[in-house]
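Asker: Residue numbers (this note's numbering), protein chains in the order written: chain X, 1 to 241; chain H, 1 to 241.
No lab work stands behind these hints: they were computed from the structure.
If a hint is listed, it holds; no wrong ones were tucked in.
Chain X regions said to be covered by chain H (calculated; three or more residues, Cβ under 8 Å): (1) 89-101; (2) 169-180; (3) 218-225; (4) 228-236.
Backbone N, C-alpha and C define an ideal beta-carbon position, used for all residues, glycine too.
Number of protein chains: 2
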Amino acid sequence: MELFFSRQFDGDFCTLDADESGHCVKVLRHREGDEISVIDGEGTLYTCVLTDASPKSAQARVVKVEPDWGAHPYRLTMAVCPTKNLDRYEWFAEKATELGIDTIVPVIGEHSERKVFKTERLRRILLSASKQSLKGAVPEVAEPVSVKDFILETGSREDVTKLICCCFEGEVPRTSVFEALGELAGREIAVLIGPEGDFSREEVALAVEKGFVPVHLGPSRLRTETAAVTAVEAVYLKAFC
Amino acid sequence: MELFFSRQFDGDFCTLDADESGHCVKVLRHREGDEISVIDGEGTLYTCVLTDASPKSAQARVVKVEPDWGAHPYRLTMAVCPTKNLDRYEWFAEKATELGIDTIVPVIGEHSERKVFKTERLRRILLSASKQSLKGAVPEVAEPVSVKDFILETGSREDVTKLICCCFEGEVPRTSVFEALGELAGREIAVLIGPEGDFSREEVALAVEKGFVPVHLGPSRLRTETAAVTAVEAVYLKAFC
Numbered sequence: 001m002e003l004f005f006s007r008q009f010d011g012d013f014c015t016l017d018a019d020e021s022g023h024c025v026k027v028l029r030h031r032e033g034d035e036i037s038v039i040d041g042e043g044t045l046y047t048c049v050l051t052d053a054s055p056k057s058a059q060a061r062v063v064k065v066e067p068d069w070g071a072h073p074y075r076l077t078m079a080v081c082p083t084k085n086l087d088r089y090e091w092f093a094e095k096a097t098e099l100g101i102d103t104i105v106p107v108i109g110e111h112s113e114r115k116v117f118k119t120e121r122l123r124r125i126l127l128s129a130s131k132q133s134l135k136g137a138v139p140e141v142a143e144p145v146s147v148k149d150f151i152l153e154t155g156s157r158e159d160v161t162k163l164i165c166c167c168f169e170g171e172v173p174r175t176s177v178f179e180a181l182g183e184l185a186g187r188e189i190a191v192l193i194g195p196e197g198d199f200s201r202e203e204v205a206l207a208v209e210k211g212f213v214p215v216h217l218g219p220s221r222l223r224t225e226t227a228a229v230t231a232v233e234a235v236y237l238k239a240f241c
Numbered sequence: 001m002e003l004f005f006s007r008q009f010d011g012d013f014c015t016l017d018a019d020e021s022g023h024c025v026k027v028l029r030h031r032e033g034d035e036i037s038v039i040d041g042e043g044t045l046y047t048c049v050l051t052d053a054s055p056k057s058a059q060a061r062v063v064k065v066e067p068d069w070g071a072h073p074y075r076l077t078m079a080v081c082p083t084k085n086l087d088r089y090e091w092f093a094e095k096a097t098e099l100g101i102d103t104i105v106p107v108i109g110e111h112s113e114r115k116v117f118k119t120e121r122l123r124r125i126l127l128s129a130s131k132q133s134l135k136g137a138v139p140e141v142a143e144p145v146s147v148k149d150f151i152l153e154t155g156s157r158e159d160v161t162k163l164i165c166c167c168f169e170g171e172v173p174r175t176s177v178f179e180a181l182g183e184l185a186g187r188e189i190a191v192l193i194g195p196e197g198d199f200s201r202e203e204v205a206l207a208v209e210k211g212f213v214p215v216h217l218g219p220s221r222l223r224t225e226t227a228a229v230t231a232v233e234a235v236y237l238k239a240f241c
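All chains, please: the whole structure from these sequences, using the hints.
Answerer: Set out below in C-alpha cells:
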C-alpha cells in the first residue's frame, strides 16, 4: 500500500507538494479518478480521489477520513544521545518509527562523542518510515538539547513516567525496564539513553532528583542505538504482546 | 575493553592468525608482557600475556580461563529470510548478536525477493559484534536452506520451542510471542521470520503440522529485519527484564 503525505488540507480537498506530486504522477503514473491514500503526519489517513494529476501540485478530493490510523495507545519520547556514526542513529529512528514512537530528542551528554546534530535528514527518514509502516502520524524530531536541560524540562512534568537507562552497576539501584514501565495505556513515557561512555554521575544524580527512574536493559552490553531500540521494544512488547 | 579472537589454543598457549596479530601488534602496538583478552568463539574468555609480538603470528600464554563469558541462559536460532537489501540483514545480525543469539539460518521462502545468500560477510560481522559486545561465543551462520527444509529439519525436534511469525490475521489463530515463549531458562527456541511478502499458506500449514506455533509480534507492520530483532528482543527482555 503506497501512501502520500500532505499538510495542505482545505475543506474536502488535499494538495500534494512538488516532491509528492512528482512521485504520484510521474513515477507511479496516477491519473485523474485514481484513488490515493494520504497521511497528514498528525495521525489521520485520508482516502482521496485524484482530481488534478498535475506533476507539481496534484489535487485530490477526500472521500474517507480515518483518524488515529496505525496509532499506539501511549506517548513515547526517546531522548537519545546522537551516535558518532549517523547511520546508526538513523537505523534507530527508522526502527522506532516502525514500532511506534512520538518524539525523538537528540540529547548531548557530558560524555557524548557527537556534540552537533542536524535534524533535517532525520525528519525525512521518519516520514519515509511512517509511510512504509502505514502510520498516520510521523514522529517529531526536537532540536538538540543538553542532557541536563532535557532532565530539567521533563522533570517538571509529574504526569510523565521518566526512565534513565544507565550502567553504574552496584552504585545506583536500578529497576528492570518492564517493572518501571507499569501500566501503559494512555500513558506518557520518556526514556533517556546515554552515549557509549554512559551518563556522568552528575547527570544521573540530577535525573534521580527530578523523578527519573534508573533502569537497566538486561545484562548485555548494548550500543547506544541498540539500547534505544531495546527500550522502544520494551514499551511496544509490553503494550501488545 | 578490546578483545582478540583465536581458534588456536595449544596447552597453555594461544596463537593469533595474521589479521588478529596485525591488529594486536601493528595497530594497537602490544608488546611482550602485555596482557590481552582472547575469545575462542565457543564461549570462553582467555586472559593471556603476550609472549611473542610477531605481527603475523603473535603468541600468548594463558593465565586465566572464564567459560560462558557473556552467555545467555537459552539457545536461540533465528531462521530469517534474507532481505533484498543486505545492509538490513546485517543490521539485524549485529543487533541480534549484541542481545544474545546462537544461530542464524538464512531461509529462502516462496515469496522471498532474495534467493541467493553468501554467508562469509555475515560471519565477519558476527565476530566483530561479539567482540564489541564482550561475548565469548560467536553465533553461527548456517548455509541457506529453503523454509520448507528448515521446517522439516527443526520440526523433528520435540525439545525445541518452535515459533513462526506470520500475518494471516483472522485466518490462522496466533498467540502473542510472550505467551508462546513460556519459561526460558535452559530452553532451546527457534523462530521463523518470513520475507516482506510473508510466508505462503502452504509454508504456514506445514509449520503448524510440524509443531511450530504461529505468533504475532504486535500490530505494527514491521520490515523483515525489524520483525527479526523484535523476536530476539522478546526473548531477551522476557529472560532478563
